[in-house]
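Protein sequences appear in the order of chains X and C.
Oh and the first sequence: position 82 is 82 in our numbering, straight run, nothing missing.
Oh and the second sequence: position 95 is 95 in our numbering, straight run, nothing missing.
If you're looking for bench data, these hints aren't it; they were derived computationally from the structure.
Values in this document were obtained by computation on a predicted structure and should not be read as measured data.
From the three backbone atoms N, C-alpha and C, an ideal C-beta is built for every residue, glycine too.
A few of these clues could be false.
Distance windows between CB atoms, simulated [to be verified]:
1) C/Asn59 to X/Ala29: 19 to 25 Å
2) X/Pro40 to C/Asn77: 23 to 29 Å
3) X/Glu97 to C/Glu82: 30 to 36 Å
4) C/Pro8 to X/Ser72: 36 to 42 Å
5) C/Asn77 to X/Pro96: 27 to 33 Å
6) C/Gly58 to X/Glu15: 36 to 42 Å
7) X/Ala17 to C/Leu83: 40 to 46 Å
8) X/Ala17 to C/Arg63: 42 to 48 Å
9) X/Asp54 to C/Pro8: 38 to 44 Å
10) X/Ser3 to C/Pro61: 18 to 24 Å
11) X/Pro7 to C/Thr38: 18 to 24 Å
12) X/Ser70 to C/Leu83: 43 to 49 Å
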Amino acid sequence: AQSVTQPDIHITVSEGASLELRCNYSYGATPYLFWYVQSPGQGLQLLLKYFSGDTLVQGIKGFEAEFKRSQSSFNLRKPSVHWSDAAEYFCAVGAPEYGNKLVFGAGTILRVKS
Amino acid sequence: KAGVTQTPRYLIKTRGQQVTLSCSPISGHRSVSWYQQTPGQGLQFLFEYFSETQRNKGNFPGRFSGRQFSNSRSEMNVSTLELGDSALYLCASSLGGLEGTEAFFGQGTRLTVV
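Extracted from the complex, chain C is given alone in its bound form:
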């Protein structure tokens, strides 16, 4: 079955612009989580969506937002981009139950802010 698909793979944006990243989870998975990966801070949790509702949120400013659609696809948006937002953004898909399920990651979107 198809894995987690993230689009686009690469993006270059200018400071002050906004950007939208997309994630299509594995079929049947209802939970989508987003992570930011940078050399300095490592992998940091942004937020999780389950059944179109944000279930969990990390410690990121309000410029970072997300949403999930009825087909479980998710988007994250970053407004007023800063140079420090340059990172690999990873999406993880899981069944979503709280009893413990494994997360499958996409290839990521590499965002460069210039």
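So here's chain X without its partners, still in its complex pose:
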């Protein structure tokens, strides 16, 4: 079965600073990988996805993520954080044999200091 670990529960960065949110997964083959963002009381918005091919994927709002098979990681990055990026970020993993079931990490809450 798949599993996802987001080691950081909270992260605080200054506005304009770079950001990296960590995500490690457990799955025997190459999974489908996703990053979602959630503002308080809202649903989840897809930031980016990886199915196959180029291991560096670009998403919305200036985010990117890199799939590293050797490290079972899919870390999310942004070169310059804006105050509006403050939210909770979820990494998720899927696999073809599980249909469209996603397994989510516990989430990382991002706080942005001005």
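Based on the hints, put chain C in the right spot on chain X.
Then chain C, alone, in the frame of chain X:
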């Protein structure tokens, strides 16, 4: 095009009652998945429906059930409500193929059991 619509947005129910939540997926999407989100357990997969059939199921008691209609709209039902069922229930819509497709989430239904 219209996004995923969940109704109602908020519900307050009493222990022992039952509740039905509704989800209208994006037009053309045939897969609907349901998730429960709580502060303690995070995002947990309930079940997925594809072409009116349950394709996948999470580890929830039988009090949680769902169905999908021919127009892909889905409902989930929780019977004999318990205080612990208080949560944000999220519906996700996707095309449904097993080759890997992204899931789009609704705003959720906030259920409070008193």
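When you take the CB atoms of C/Asn77 and X/Pro96, is the distance between them in 27 to 33 Å? For X/Pro96 against C/Asn77, whose Cβ atoms are near 29 Å apart, the range 27 to 33 Å holds.
Determine whether the Cβ-Cβ distance between X/Pro40 and C/Asn77 falls within the hinted range of 23 to 29 Å. 27 Å, holds
X/Ser70 and C/Leu83, beta-carbon distance inside 43 to 49 Å? At 45 Å between Cβs, range holds.
Looking only at beta-carbon atoms, does the pair X/Ala17, C/Arg63 fall within the given range of 42 to 48 Å? 46 Å, holds
Should the hint that X/Ser3 and C/Pro61 are 18 to 24 Å apart at their CB atoms be regarded as holding? 22 Å, holds
Should the hint that C/Pro8 and X/Ser72 are 36 to 42 Å apart at their CB atoms be regarded as holding? 40 Å, holds
Starting from the range 30 to 36 Å, see whether the pair X/Glu97 and C/Glu82 falls in it by beta-carbon distance. 32 Å, holds
Pairwise beta carbon distance, C/Asn59 to X/Ala29, judged against the given window 19 to 25 Å: 23 Å, holds
Honestly, do X/Asp54 and C/Pro8 meet the 38 to 44 Å range at C-beta? 42 Å, holds
Is it true that the C-beta distance of C/Gly58 to X/Glu15 lies inside 36 to 42 Å, as the hint says? Given about 38 Å between the Cβ atoms, the range holds.
Confirm or reject the claim that X/Ala17 and C/Leu83 have a C-beta distance inside 40 to 46 Å. Given a distance of about 42 Å, which is inside 40 to 46 Å, the answer is holds.
Satisfaction of the hinted span 18 to 24 Å by the C-beta atoms belonging to X/Pro7 and C/Thr38: 21 Å Cβ-Cβ, so the 18 to 24 Å window holds.
Consistency with the previously given hints is maintained throughout, with no hint failing.
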